[in-house]
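Novice: Sequence:
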Amino acid sequence: MFSQLEIARRDGRNLLLVLAIMIPVLFFVADGGLEARVVAAVLGGVLTAVTFLAVTVAINRFGPDY
Numbered sequence: 032m033f034s035q036l037e038i039a040r041r042d043g044r045n046l047l048l049v050l051a052i053m054i055p056v057l058f059f060v061a062d063g064g065l066e067a068r069v070v071a072a073v074l075g076g077v078l079t080a081v082t083f084l085a086v087t088v089a090i091n092r093f094g095p096d097y
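Per our numbering, numbering of the sequence shown is gapless, rising by one per residue and ending at 97.
Hints are computed from structural coordinates only; laboratory data are not their basis.
Glycine included, each C-beta is placed from N, C-alpha and C at the ideal position.
A portion of the hints provided could be inaccurate.
As the list claims (entries may be wrong) - Derived Cβ-Cβ restraints for the label pairs, each shown as a range:
{"hint": "1", "residue 1": "Val73", "residue 2": "Gly43", "range": "15 to 21 Å"}
{"hint": "2", "residue 1": "Asp96", "residue 2": "Ile52", "range": "16 to 22 Å"}
{"hint": "3", "residue 1": "Phe58", "residue 2": "Thr82", "range": "38 to 44 Å"}
{"hint": "4", "residue 1": "Arg68", "residue 2": "Pro95", "range": "37 to 43 Å"}
{"hint": "5", "residue 1": "Leu65", "residue 2": "Gly94", "range": "20 to 26 Å"}
{"hint": "6", "residue 1": "Val73", "residue 2": "Phe93", "range": "17 to 23 Å"}
{"hint": "7", "residue 1": "Asp96", "residue 2": "Glu66", "range": "44 to 50 Å"}
{"hint": "8", "residue 1": "Gly64", "residue 2": "Pro95", "range": "20 to 26 Å"}
{"hint": "9", "residue 1": "Leu65", "residue 2": "Ile90", "range": "33 to 39 Å"}
{"hint": "10", "residue 1": "Ile90", "residue 2": "Phe58", "range": "24 to 30 Å"}
{"hint": "11", "residue 1": "Pro95", "residue 2": "Val60", "range": "32 to 38 Å"}
{"hint": "12", "residue 1": "Pro95", "residue 2": "Val70", "range": "37 to 43 Å"}
{"hint": "13", "residue 1": "Ala85", "residue 2": "Arg40", "range": "15 to 21 Å"}
Can you build the whole structure from these sequences, using the hints too?
Specialist: Take a look at the structure:
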């Protein structure tokens, strides 16, 4: 799947790093019970991942070649 989106191995590593930071932050910042905090963290993580992939694909496809 990553090869079809033109995503390099380092981009996948960066995605995991972003998720490893964002999910716990969202978990601790969310207000509510345990279930609500878990759901908020997972949904926020999914949205973060989709945004990260969209930006990475756009940069790889339309960005300048160095």
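Novice: Please go over all the hints and tell whether each is borne out by the structure.
Specialist: Verification of the hints:
1. Val73 to Gly43: 15 to 21 Å: holds, 19 Å
2. Asp96 to Ile52: 16 to 22 Å: violated, 30 Å
3. Phe58 to Thr82: 38 to 44 Å: violated, 18 Å
4. Arg68 to Pro95: 37 to 43 Å: For Pro95 against Arg68, whose Cβ atoms are near 41 Å apart, the range 37 to 43 Å holds.
5. Leu65 to Gly94: 20 to 26 Å: Violated, at about 41 Å.
6. Val73 to Phe93: 17 to 23 Å: violated, 30 Å
7. Asp96 to Glu66: 44 to 50 Å: For Glu66 against Asp96, whose Cβ atoms are near 47 Å apart, the range 44 to 50 Å holds.
8. Gly64 to Pro95: 20 to 26 Å: violated, 48 Å
9. Leu65 to Ile90: 33 to 39 Å: holds, 37 Å
10. Ile90 to Phe58: 24 to 30 Å: For Phe58 against Ile90, whose Cβ atoms are near 29 Å apart, the range 24 to 30 Å holds.
11. Pro95 to Val60: 32 to 38 Å: holds, 36 Å
12. Pro95 to Val70: 37 to 43 Å: holds, 40 Å
13. Ala85 to Arg40: 15 to 21 Å: holds, 19 Å
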